[in-house]
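Protein chains: 2
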Amino acid sequence: MSSILVVGSMAFDDIETPFGKSNKIIGGAATYIAYTASYFNPNIQLVSVVGGDFPQSVIDDLEDRGVNTEGLQVKKDEKSFFWSGKYHLDMNSRDTLVTELNVLGTFDPVLPENYKNADFVMLGNLSPDVQRKVIEQMDNRPKLVAMDTMNFWMDIAREELDKTLKLVDVLIINDEETRQLTGEYSLVKGAKKIFEMGPRFLIIKKGEHGALLFHGEQMFYVPALPLEEVFDPTGAGDTFAGGFIGYMAKAGEVSFDNMKRAIIYGSAMASFCVEKFGTQRMVELTQADIDQRLQAFVDLSQIKLEV
Amino acid sequence: MSSILVVGSMAFDDIETPFGKSNKIIGGAATYIAYTASYFNPNIQLVSVVGGDFPQSVIDDLEDRGVNTEGLQVKKDEKSFFWSGKYHLDMNSRDTLVTELNVLGTFDPVLPENYKNADFVMLGNLSPDVQRKVIEQMDNRPKLVAMDTMNFWMDIAREELDKTLKLVDVLIINDEETRQLTGEYSLVKGAKKIFEMGPRFLIIKKGEHGALLFHGEQMFYVPALPLEEVFDPTGAGDTFAGGFIGYMAKAGEVSFDNMKRAIIYGSAMASFCVEKFGTQRMVELTQADIDQRLQAFVDLSQIKLEV
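Chains A and B are the protein sequences, given in the same order. Note that the working numbering has the first sequence beginning at 1400, numbered continuously upward. Note that the working numbering has the second sequence beginning at 1400, numbered continuously upward.
Just chain A, with the same shape it has in the complex (with noise of 0.2 angstroms):
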């Protein structure tokens, strides 16, 4: 089985939607990307950082479910990551009410030794530099980096994120930071300047519009699943990354073919994300729950063509 390296927060989230309030749950991007990924590949190693209040619960959790957790710092004195934030009633929108970084604010990563050759890595958000730092204790060169990141790094660290962005495969934001990015308001041309920057491949995430694949010449677009409710959207884009990458690691091999595939895998997880509050629906799926969504997106996209 291939191994996964995935990187990221993890976190308290406080979240309040036109349909309720979470209060205090587990979020954090790590903890998305790996629930998810560990339905397709579990053989996952997970670098982060949290304080003495994360449940130990939570990381048993995910060790039960493959997931190394040898990489993860557990800063006994100090305080898990806390965000909190409401939703607007178009549920596209949302302010940050409360940001406090505690344990991420002085994250330094150290990768176990058994890290270091992992086949398949996904940088979830996280200051760039640090993203960085664990590409490069890496032994050997992984068959695929895939990162993700926000215009908050963008306004802030541009030096930083351009030098990590060298260094990855597969670049995975939203329609907006592409065009932040880049200064190009068409995400085709936003793409080709992304591929002068280092990612070979861009996968733009458009919400409820659906996800775009670029690689060269090549596009793939899979839609969104239309919802009658969306009843929290955050985790979204983690969850979206999980699918992803534990379809490649599943799949093995790099081909724009599997990369289709994952963008399809990734959106049908992400469709089970905003069901419910937080992570609460990633931690309940069976393998027919999946295979049923996955049939859902073939409903929903593929038809024969005669051209």
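Derived by calculation from the structure, the hints in this document are not laboratory data. In this text, all values refer to a predicted model and were calculated from it rather than measured experimentally. Idealized CB from N, CA, C, for every residue including glycine. Hints are not guaranteed to be accurate.
Said to hold, decoys possible - Cross-link-like lysine-lysine pairs, in silico, DSS-like; alpha carbons within 30 angstroms at most:
1) B/K1532 / B/K1475
2) B/K1588 / B/K1565
3) A/K1485 / B/K1592
4) A/K1703 / B/K1542
5) B/K1675 / A/K1588
6) B/K1588 / A/K1703
7) A/K1420 / A/K1485
8) B/K1542 / A/K1591
9) A/K1423 / A/K1474
10) B/K1591 / A/K1420
11) A/K1420 / B/K1532
12) B/K1675 / A/K1592
13) B/K1478 / B/K1532
14) B/K1588 / A/K1675
15) A/K1591 / B/K1703
16) A/K1703 / B/K1591
17) A/K1542 / B/K1703
18) B/K1592 / A/K1592
19) A/K1542 / A/K1588
20) A/K1703 / B/K1703
21) A/K1588 / B/K1420
22) A/K1485 / B/K1591
23) A/K1591 / B/K1675
24) A/K1675 / B/K1591
25) B/K1592 / A/K1420
26) B/K1592 / A/K1675
27) B/K1703 / A/K1588
28) A/K1592 / B/K1420
29) B/K1588 / A/K1485
30) A/K1588 / B/K1485
31) A/K1591 / B/K1592
As the list claims (entries may be wrong) - Some chain B residues flagged as far from chain A (calculated, every beta-carbon gap over 12 angstroms):
32) S1421
33) P1441
34) G1451
35) K1475
36) F1481
37) Q1536
38) R1540
39) M1549
40) E1595
Please build the complex by placing chain B on the supplied structure of chain A, with the hints as guidance.
Just chain B now, with coordinates in the frame of chain A:
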């Protein structure tokens, strides 16, 4: 060959985009629909009205392509409908600068006898009572009646619109119009409400985000082709409708699978429309152009997935 009855405006447009100004060019929903549908099923019956200022050369050109213009009223002493608009930088929103209804203000459509048994009907965006007058003149129930409309009619003629909706099979509108018509933010919920209003099929145009087809509990989502540049979006929706109804007429049989293919054809044709000002691109296409573009849609959205 099936027959397609097309109703809608024929007009002059004056368009400004970030790329330039069109000056006064040919536009109008029926123009775009008829040109586009003629590539698939040239047996088209046109119902519209123009003034004495409308160029005979355009009418001749349509006739050369197979369009029957007996139902086109030419009011020699009056002026054609005129619209002028300016697109914003993102091309997703526009300001209407001038609307001169002229002949359209008193348009009373009269169906020639040989139009009254048309197999397929495409009601382009027009006042809903004019659209209804057309359907009511038909001798037989067509295989499929599709209609476009817009927020303007929802604002000022909701009762008339509701009456017309009861008579159609397919409603083709955009996402914002769906939300306005139904009061539902979720398009899935909106579709259910629209099915209670009359239509059995709903097609939601989402511009650069593609198009969604709803029928009962079934959904299909065709992406839009990501483009380097959108030169002029005017008429893209009408072109989509023309490709849709043209393909349906060519296929002959109303099935959900044909409908899926029809929205891919509609999307492919719309992707041409935006490449140049006005109808310019829609009058010059070859079968090879269309086949190539369809292949681009297959490459963009189709992948074998083992579930």
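Just pull the numbers of the violated hints for me, sorted ascending.
Failing hints, ascending: 8, 11, 18 and 31.
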